[in-house]
Each structure stands twice: as C-alpha cells, then as structure tokens.
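Trainee: For the record, the sequence lines run as chains A and B. Take the first sequence: its letter number 172 is residue 171 in numbering that gives the first Met the number 0, and every next letter is one higher. Take the second sequence: its letter number 152 is residue 151 in numbering that gives the first Met the number 0, and every next letter is one higher.
None of these hints come from the bench; they were simulated from the model. The structure presented is a predicted model; accordingly, all values stated were derived computationally and were not measured. Even for Gly, the Cβ is constructed at its ideal location relative to N, Cα and C. A hint or two may mislead.
Said to hold, decoys possible - Facing chain B, a subset of chain A residues (Cβ under 10 angstroms, in silico):
#1 Leu26
#2 Ala58
#3 Pro79
#4 Tyr83
#5 Leu157
#6 Thr417
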Amino acid sequence: MVDLRAGVRMIEPAAGLRRLKEFPFHLLTWVGADGYPLSAAVEGWIEGDGSTVHFTPPAGVEIPLEGEVSLTGSHIRPQPGVGYDERRHVTVWGRAIVEPGGRLAFRPHAAWGWDESDIPFPEYVERQVGQSRRYLARLSAEVGQTVRPRLSLGWLVLRSTRLPFLSATFVPVAVGIAIAALHGFFEPLTALITLIGAAAVHLGLNVANDVFDARLGADEKNVNPTQYSGGSRVIQYGLVSLRTMALISAACYAIAIAAGLLLLWLRPSVELLAIGVIGVLVSFFYTAPPLKLVYRGLGEVAVALGFGPLMLLGAYVVQSGGALAVEPVVASLPIALLVALILYANEVPDAPADARAGKRTLPVRLPRTTVINLYYLGALTAFAIIAGGVLAGILPIPALIALVPLPLALRVRDGLATHYEQPYALMAVLGTNVRLHLYVGGLLLAAYLAVLALLALAPGLPLFLWR
Amino acid sequence: MPRAVEELLEAALVTELTVVRHDGRPMTYPLIPLWDGQRVLMTSSILFSRKLEHIKANPRVSLSLSDPVALGGRRDRATIQGDARVIDGDPHTDWEQVLPLWAAKEPVILQFLKARVAFPLFFERSVIEVTPRRILYWPDGDTSRPPEVHDAPPATDLEAA
Numbered sequence: 000m001v002d003l004r005a006g007v008r009m010i011e012p013a014a015g016l017r018r019l020k021e022f023p024f025h026l027l028t029w030v031g032a033d034g035y036p037l038s039a040a041v042e043g044w045i046e047g048d049g050s051t052v053h054f055t056p057p058a059g060v061e062i063p064l065e066g067e068v069s070l071t072g073s074h075i076r077p078q079p080g081v082g083y084d085e086r087r088h089v090t091v092w093g094r095a096i097v098e099p100g101g102r103l104a105f106r107p108h109a110a111w112g113w114d115e116s117d118i119p120f121p122e123y124v125e126r127q128v129g130q131s132r133r134y135l136a137r138l139s140a141e142v143g144q145t146v147r148p149r150l151s152l153g154w155l156v157l158r159s160t161r162l163p164f165l166s167a168t169f170v171p172v173a174v175g176i177a178i179a180a181l182h183g184f185f186e187p188l189t190a191l192i193t194l195i196g197a198a199a200v201h202l203g204l205n206v207a208n209d210v211f212d213a214r215l216g217a218d219e220k221n222v223n224p225t226q227y228s229g230g231s232r233v234i235q236y237g238l239v240s241l242r243t244m245a246l247i248s249a250a251c252y253a254i255a256i257a258a259g260l261l262l263l264w265l266r267p268s269v270e271l272l273a274i275g276v277i278g279v280l281v282s283f284f285y286t287a288p289p290l291k292l293v294y295r296g297l298g299e300v301a302v303a304l305g306f307g308p309l310m311l312l313g314a315y316v317v318q319s320g321g322a323l324a325v326e327p328v329v330a331s332l333p334i335a336l337l338v339a340l341i342l343y344a345n346e347v348p349d350a351p352a353d354a355r356a357g358k359r360t361l362p363v364r365l366p367r368t369t370v371i372n373l374y375y376l377g378a379l380t381a382f383a384i385i386a387g388g389v390l391a392g393i394l395p396i397p398a399l400i401a402l403v404p405l406p407l408a409l410r411v412r413d414g415l416a417t418h419y420e421q422p423y424a425l426m427a428v429l430g431t432n433v434r435l436h437l438y439v440g441g442l443l444l445a446a447y448l449a450v451l452a453l454l455a456l457a458p459g460l461p462l463f464l465w466r
Numbered sequence: 000m001p002r003a004v005e006e007l008l009e010a011a012l013v014t015e016l017t018v019v020r021h022d023g024r025p026m027t028y029p030l031i032p033l034w035d036g037q038r039v040l041m042t043s044s045i046l047f048s049r050k051l052e053h054i055k056a057n058p059r060v061s062l063s064l065s066d067p068v069a070l071g072g073r074r075d076r077a078t079i080q081g082d083a084r085v086i087d088g089d090p091h092t093d094w095e096q097v098l099p100l101w102a103a104k105e106p107v108i109l110q111f112l113k114a115r116v117a118f119p120l121f122f123e124r125s126v127i128e129v130t131p132r133r134i135l136y137w138p139d140g141d142t143s144r145p146p147e148v149h150d151a152p153p154a155t156d157l158e159a160a
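Sequences are here, hints too, so could you generate the full structure?
Mentor: Laid out in structure tokens, this is it:
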C-alpha cells in the first residue's frame, strides 16, 4: 500500500532513465576525494535495452569509480519579470564503469524526480507535510524549545473557522427575517441575536468538522485539498492543536446555545425550541460519531436542512413568535438545494481521499456521470422552485430576479464534466458554485427588501400573483 | 569569486545544489541562488527540508550553474564548491532577510507572500548560506575542455574583508 503522506516516492530506475532522455543535457555529479560534491554538464545517451546510460566524462576532473555517481536533468521555463514555471527534474544513481574509448556508463539502481505536470505543486506540498513535521520536531530538540509554524491571528481565525463561508448562514437568516418583516413581524435585537447564534452554530460546525475529520483520518489522507475542500488543514499543518480546535468548537456551540436560550426567553415558542435543538444536533453530528452523517452519504441532506429550512424558518419564527407560514418554507428550498450543492461539488475533489477514509459521500458512491447529472438536476430544481413559487403566488414577483444566475449552474456543470479528476483546475468551478448560492440568496434577499420598500411607499401594490 | 561567475549567479533562476547524504550518495536539488557579494544564499521550505538535514550532518556542498535556459541564455558554466550553513532559528521570519534579493529575481514571490495563508508551510523556511571554497569555470560551457579552477579565500579572510 502506498503511503501518500510519505512524500514523493522514488521512481523506478527505468522510468527515471526514460525521463532523463527528455532533457537536452545532464548534470553528472559525484563526491570527490576531498569530500565535496562536484558537478559538470555532460550529454548522456541510452543504448541497447535502455537500461544503461553512457556519457563522455568531462575533461580535467577525476570521476571516482568506487562511489555512486548521478545524472540529473532539470528544466524550467523562465517567465521574464515574474519567475518560472514548467518545473521538472529527475536524478538517477549508479556506479560508473569505464567503457572502450574512455567513455563512462552506468546502469541506474535508483531514481527520483518531480514533474509538476504530473504532480501539481499544491499536491506536492501536501505530500511533504510529514517531512515538515519531522523537521520541526528535530529543530525543536536542537534549539531546546518548541518551534511551530505560525500565521498571524487574523489569518489563523479566518483559516481555522473558514470564516468566508459564513455567507451560507447570512443568506437564509436574512431572508427569513425579511419575510417575517413582510408578514408584519420585525424586532431588531432578536434579529441580531439570531444572526449571532446562527453564525456561531456554523463556525462550531466548521471547526468540529476539522476535529472529527482529523480524528477519523479523512483530512490526513487527503493530498488534494483546495480552498473549498479538504478542511482548513490547520491541525495537519501544526498551526492549531486538535485540543485547541475542539475548545474553539465547544466555545462556538456554547455561544450558539446561549443565543438560543436568550431568544427562547425573549420570544418563547415550541417551534423555536424544536428548530434550535434539531439545528444544533444536525450541526454537531454532521461529522461527529456515532451518527457521522457526512460519512454515510447524508451530508448533503444535513447541510440542506441546516442551511435551508432550519436557518430560514428559525429566523422567521423568532420574529413571528412561533407562527409558521408556507412562504418561508418555499423560500428556504432553493437556498437549501444550492447550499447542499456546494458541499456536493466540493466533495468531488475529496472523493479519492474520502473513499480511503471510509467517508461514503455521494461522489464516492455514485459514478461520475450520475454525480454531474444530479448536480444539474438539483440546480435546475432550485430555479424551478423559485419560478413555481412566484407563479403560485407564494413568492413575490421580484423574486424572479433570483433566476438571473442560472447560467452559472451551467458553467459549474460543464466545469465538473471537464475537470472532474483535476482538483486544482476544479477550484475555479467550485468558486463559481459558491457564488451561485450567494447570488441566488442575495437576489432573493434583495427582492424581499425591494418588496418591503415598495409596499412602504405604495401599500396595496400587487407584488404577488393571484393576491 | 571571478566576476563572470558572479554574473552567472546573478542571472541564474535555478542552480542545482548537491549535498552529500549520510551514506555518501550525492543528492541534487534545484533551488534559486541569491548572491550577496560574499556568499550564495538559498532558501528551503520546511516541507522540502531533507536537504537541510543532510547539510547539518555534512556541510560540504556544490552548486552547479549549467542550464543556459535558467541562465538567461548564457552559455558559460560553473560549479561552486563550498561549506553550507543552515540558518533556521525561526523559520517563520529568519528567511525574510533574503526577501529583497529573492524578489529581485522572482518578483511573483511577493504576490505569493501576500497569500501566505494559502500555503502557510511553504513560507516556513530556512536559509542555506554557502561560503565558496573552489570554483570551476567553463568559459564557453564546453566540459570536454578542462575548467578554470579558482580557489576562494577562507571564510575568515572574507569576514576580515
């Protein structure tokens, strides 16, 4: 079994020789009698069965025949004023023998190398994380104090909590509050507490997800994390300890529960209690044993439920004092679908590592074509619900503006089809998918704010069909 | 250090650093060389730190400047043998002393550094400082002819200067 955390593997000597042939010259390297290494450019060639490399030795230097020599090929493409790209190099080792005519030759017995077209730089970095840990442990022993990698506090908070993803909370909560205001319920203090509590649940979930994925080994096995997938990596990188992350998660949940209790005290209702309890449980058991919802292919359902109906209806019932309505339920469905599709698409690059960790997400369980088709079906359904909601007179007519981002769904579907097995090429696609949710939710919110403004200016204006 | 080799170092986007493993095997790594007028400076992320461990165990190294593509089209070649020292008291900040030289050669690094949060371990780095001992120089790059050999003054002389 290949240890994916053990860095870049040595390659077969024959494969090393094949790669070496691609370089226009080679660097012959050996260790001289004085103990210093020495290199000189030569042009090696491979003859016969392809297992031996031959070269004319450089003049004026002595090549030892008793020790190992190596030949290295190295390439970059300079980008003037910037740096370079197209990095690749390979080294083969062997013991040189003298051939007739004074040429030298050796049959490689070891080889290693890196080609960024085979292993992209971010993956190369991930594969070396274990080496960085070992190095820092030795360095700590050398200097007599713990040496750890660092980030500024701001970056660390941003990275460890995955703060930018809070938009997934802001959208449903704000839409829920806006619908409640349209229905005649609005109280700023409880709206603010709702937003704080919902954000705390979300951050608690993000951090707990890292804690449990670290304990269950899923993040450790992932060598293709992106900014949208694979967790925050702060535990794997040694930036924050598992214990500290667990404490941060607990603190976030404590804030969320305190906010929930405060809201229950200010606006008591059975509906709010039920939504709050279900929300916290779904959030915590998203990754936590024994339920581990995301490990059982239920992550999308949990996320849809949590960041759709629970957030939006929760925000609504806080304002309404427990009264329920059809409109916030319908408005929550497209948001729920699109947020579930964020998770769903983000699981595509994680699928190989998730499979190794026994995390049976939908992209692990389903074939590629089905995954892509399901994505498209889910996105189209979200837009159909908005259009249907308006046609049925449940959602206001201005909500049709939320259909405008539909082309983004097409772009994501095409991007998934093109880059399905290329984690880093998928990053732009996953970014578009996040924006799809944000734009639809934002436009839905804008539609409700417009409706509130229009009705304030012109009460009785017909902004719903059939009413 | 011959002026021609200094120019090679200043032009080079990549040098091949060779260190010696505990069993005597030469290990070659491509790195960006920076020349401060007395010593060759390179940096290595802790991610790719095996070379640093090898240097700490055996400081004898060599640097090859051989690839015309990485040397701005120059055809001359050089190999510098020297003694290396790893500076890694604080991998978070120590290496920033060479940032001006690095940015002059690879300006994009300043953009990457702004996004340090994306690759935090990449920017935990150690400095490799090489004091030249002997320089082999091939004026036309043709290694079928013997190189010019220049012995560098000992480090104590450099420091006195």
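Trainee: Now, for every hint given, state plainly whether the structure supports it.
Mentor: Taking the hints in turn, this is what the structure says about them:
no., hint, in the structure
1, Leu26, "6 angstroms, holds"
2, Ala58, "5 angstroms, holds"
3, Pro79, "9 angstroms, holds"
4, Tyr83, "5 angstroms, holds"
5, Leu157, "7 angstroms, holds"
6, Thr417, "23 angstroms, violated"
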